[in-house]
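Student: Here is what each chain is made of, one letter per residue.
Protein chains: 2
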Amino acid sequence: MDTPDVLVHTLREALEAELRREINAYHVAPYELYYEMLAYHMGWMGEGAGAKATGKRIRPLILLLCTAASGGDWQKALPAAAAVEFVHNFSLVHDDIEDRSEYRRGRPTIWAKWGIPQGINAGDALFTISHLTIHRLAEFFSPDLVLQAAQILLQTCLQLTQGQFLDISYESRAEISLEEYQVMIEGKTAALFAACAHLGSLIANCDPVRQHHFREFGRALGLAFQIIDDLLGIWGDEATIGKSTSSDLLSGKKTYPVILGLQSNGAFAKRWRKGKIQPEEVLTLAQELEEEGIRAATQAEATRLTQLALAELSAAQPSGPAAEALSSLTRQMSQRVQ
Amino acid sequence: MDTPDVLVHTLREALEAELRREINAYHVAPYELYYEMLAYHMGWMGEGAGAKATGKRIRPLILLLCTAASGGDWQKALPAAAAVEFVHNFSLVHDDIEDRSEYRRGRPTIWAKWGIPQGINAGDALFTISHLTIHRLAEFFSPDLVLQAAQILLQTCLQLTQGQFLDISYESRAEISLEEYQVMIEGKTAALFAACAHLGSLIANCDPVRQHHFREFGRALGLAFQIIDDLLGIWGDEATIGKSTSSDLLSGKKTYPVILGLQSNGAFAKRWRKGKIQPEEVLTLAQELEEEGIRAATQAEATRLTQLALAELSAAQPSGPAAEALSSLTRQMSQRVQ
Numbered sequence: 090m091d092t093p094d095v096l097v098h099t100l101r102e103a104l105e106a107e108l109r110r111e112i113n114a115y116h117v118a119p120y121e122l123y124y125e126m127l128a129y130h131m132g133w134m135g136e137g138a139g140a141k142a143t144g145k146r147i148r149p150l151i152l153l154l155c156t157a158a159s160g161g162d163w164q165k166a167l168p169a170a171a172a173v174e175f176v177h178n179f180s181l182v183h184d185d186i187e188d189r190s191e192y193r194r195g196r197p198t199i200w201a202k203w204g205i206p207q208g209i210n211a212g213d214a215l216f217t218i219s220h221l222t223i224h225r226l227a228e229f230f231s232p233d234l235v236l237q238a239a240q241i242l243l244q245t246c247l248q249l250t251q252g253q254f255l256d257i258s259y260e261s262r263a264e265i266s267l268e269e270y271q272v273m274i275e276g277k278t279a280a281l282f283a284a285c286a287h288l289g290s291l292i293a294n295c296d297p298v299r300q301h302h303f304r305e306f307g308r309a310l311g312l313a314f315q316i317i318d319d320l321l322g323i324w325g326d327e328a329t330i331g332k333s334t335s336s337d338l339l340s341g342k343k344t345y346p347v348i349l350g351l352q353s354n355g356a357f358a359k360r361w362r363k364g365k366i367q368p369e370e371v372l373t374l375a376q377e378l379e380e381e382g383i384r385a386a387t388q389a390e391a392t393r394l395t396q397l398a399l400a401e402l403s404a405a406q407p408s409g410p411a412a413e414a415l416s417s418l419t420r421q422m423s424q425r426v427q
Numbered sequence: 090m091d092t093p094d095v096l097v098h099t100l101r102e103a104l105e106a107e108l109r110r111e112i113n114a115y116h117v118a119p120y121e122l123y124y125e126m127l128a129y130h131m132g133w134m135g136e137g138a139g140a141k142a143t144g145k146r147i148r149p150l151i152l153l154l155c156t157a158a159s160g161g162d163w164q165k166a167l168p169a170a171a172a173v174e175f176v177h178n179f180s181l182v183h184d185d186i187e188d189r190s191e192y193r194r195g196r197p198t199i200w201a202k203w204g205i206p207q208g209i210n211a212g213d214a215l216f217t218i219s220h221l222t223i224h225r226l227a228e229f230f231s232p233d234l235v236l237q238a239a240q241i242l243l244q245t246c247l248q249l250t251q252g253q254f255l256d257i258s259y260e261s262r263a264e265i266s267l268e269e270y271q272v273m274i275e276g277k278t279a280a281l282f283a284a285c286a287h288l289g290s291l292i293a294n295c296d297p298v299r300q301h302h303f304r305e306f307g308r309a310l311g312l313a314f315q316i317i318d319d320l321l322g323i324w325g326d327e328a329t330i331g332k333s334t335s336s337d338l339l340s341g342k343k344t345y346p347v348i349l350g351l352q353s354n355g356a357f358a359k360r361w362r363k364g365k366i367q368p369e370e371v372l373t374l375a376q377e378l379e380e381e382g383i384r385a386a387t388q389a390e391a392t393r394l395t396q397l398a399l400a401e402l403s404a405a406q407p408s409g410p411a412a413e414a415l416s417s418l419t420r421q422m423s424q425r426v427q
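In order, the protein sequences belong to chains A and B. Residue numbering for the first sequence is 90 to 427, as defined by the numbering used here. Residue numbering for the second sequence is 90 to 427, as defined by the numbering used here.
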């Protein structure tokens, strides 16, 4: 039996091949540039292509590990794994337009390279391809299971659009509550992680109770992932995240630490309420926030969510090297630095 | 048995109720504005709401008529009919952003009212809702049929994104050939019409040969629809189309009559090649094009496609008042003025 590390490596290679096979199908005349935009965004083509440009592929990896850890054949779950990665990338392509982000993973975004119209349309293409891809489960499974899987993915997309709606709406608000923030990240981040773990266990034909625990595991993991993303958005090492370290403070995004900082009503809150943060203030403000205990509180929340994820994972009764890989991946989540 | 007119009226009412039921499900806190944007775009809410704002609902009507004309129960086809109308509206929402169109059916577009980020996201929501809606066929049909229907809709969305890709790409080209234009409208317009007729006959459990003829009927009807749209984009009555009559000449869109005009190499082509058309030139240029026989040639192509559609419809062996409604709708297509 493989060690967890070898298994993860094998899954990553098989997944990347599956993703490429799907996108390569669209490399036909007269759609060369259509293909090129997708392959560029996926990290395979153009300047800066390579491991750093592909992203972490964390969501499909969780899906495949959940299938393997519940005794299923992960190879048969590849279409679902590819589908969730395409959904994630569709949402990145559109989010980058909505946020006017010109860089992603250290490279110009699709819209920055080819314009907003092609960017919107390329996102629509990835969205469509994701749902077409999950239908390929029909090669291995009954129409009934394929329909269930397709519906889980669609419900997740609905939650993504609802979370994104709130995120955009919050931009014009002076402050938001922690509860409002939580509703937003449930849709924007946790829903897709939950769907990955759910789909993985559904494909392995787990009983409904275990499927439920897998789903809750994914959800808690997704929430922890987002909280750490928020932490890195203020205190992350610029060199390792591919965009300006402090962009969250500059953009005025109301992330978890910012909301805590506003609640603590100290020097940070006083400055924030005076208007747009300037680049030269960013380091001082991050330091003030840290001195007010906000970095530690953010880290503690991520750790709490990680513990919750581990408890749900344990209740889901995973087994084998995939189970080990899932729990070490979860433990690493709250310590990640990129 | 109903007359064709009574049947069409009944179908329209049932369809509108189905569309509303789907969207109303999203009218929940804290997503009130998310709901409002969708209901506004569908023509039910806000300034100018009403029959003129909803659009013609021609695609779902074709779907329902094809079900009824092949002996199926159109009521069971309502989820598919609602789904194709949502797909159409998703594409309008994104196209309006891509084309920077501030008005649609005489009203401000979603992005013009609520900004580009909410506009993109509302389009994504309609896209997701369309695919969730077609899954509701599962109430009446086997998982196998639902999967087939869902895949037809997804393949159509893929063609839409390919057609839209070409349309955007052509904007930066000086001229395009008739063949390039045809490939573009196959994806951008004909694919969804073809899917409507195909889905309608699939749901009625037609044999594959008849399904094929229904599909080809829809495709030819869609092409005719687009050619007439192009004609109305230059010679239509401003009062009846809800946007500036001559916007196609002003925007530099390479539509069917423009391509014919460039090929005929007369006064129109000479002027067009000198650069952007100004509003005060529009009437003269439209007249020149007409004098060069381009309006008549465009009308003739629409008539040819309409005849082709009627031949395919006949081969599909439709029956009853729905068959009569389909053929009269087809005959009206090439004569429509809005």
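Mixed in with the good hints, there may be bad ones.
Which copy is meant is left open, because identical chains are indistinguishable; a pair holds if it fits in one copy or across any two.
Unchecked claim - In silico DSBU-like cross-links for lysine-lysine, where the CA-CA straight-line distance does not exceed 30 Å:
(1) K165 / K359
(2) K363 / K141
(3) K363 / K202
(4) K359 / K145
(5) K365 / K202
(6) K359 / K202
(7) K359 / K342
(8) K202 / K342
(9) K165 / K363
I should point out that these hints are in silico values taken from the structure, not numbers from a laboratory.
Student: Can you give me the call for K202 and K342, within, between, both or neither, at a CA distance of at most 30 Å?
Tutor: both (24 Å within a copy, 23 Å between copies)
Student: When no copy is specified for K165 and K359, does a C-alpha distance of 30 Å or less occur within a copy, between copies, both, or neither?
Tutor: Neither: 54 Å inside a chain and 60 Å across chains, both beyond 30 Å.
Student: Cα distance capped at 30 Å. Does K365 pair with K202 within a copy, between copies, both, or neither?
Tutor: both (28 Å within a copy, 25 Å between copies)
Student: Cα distance capped at 30 Å. Does K165 pair with K363 within a copy, between copies, both, or neither?
Tutor: neither (55 Å within a copy, 58 Å between copies)
Student: Indicate which option fits the pair K359, K342 if close means a Cα-Cα distance not exceeding 30 Å: within, between, both or neither.
Tutor: within (16 Å within a copy, 52 Å between copies)
Student: Up to 30 Å between alpha-carbons, please classify K359 paired with K202: within, between, both or neither.
Tutor: neither (39 Å within a copy, 33 Å between copies)
Student: Between copies, within a copy, both or neither: which fits K359 and K145 at Cα up to 30 Å?
Tutor: neither (37 Å within a copy, 54 Å between copies)
Student: Classify it for me, K363 with K202: is the Cα-Cα distance of at most 30 Å met within a copy, between copies, both or neither?
Tutor: between (35 Å within a copy, 29 Å between copies)
Student: State whether the alpha carbon distance between K363 and K141 is at most 30 Å within one copy, between copies, both, or neither.
Tutor: neither (38 Å within a copy, 47 Å between copies)
Hints 1, 2, 4, 6 and 9, counting from the list given before, are not met by this structure.
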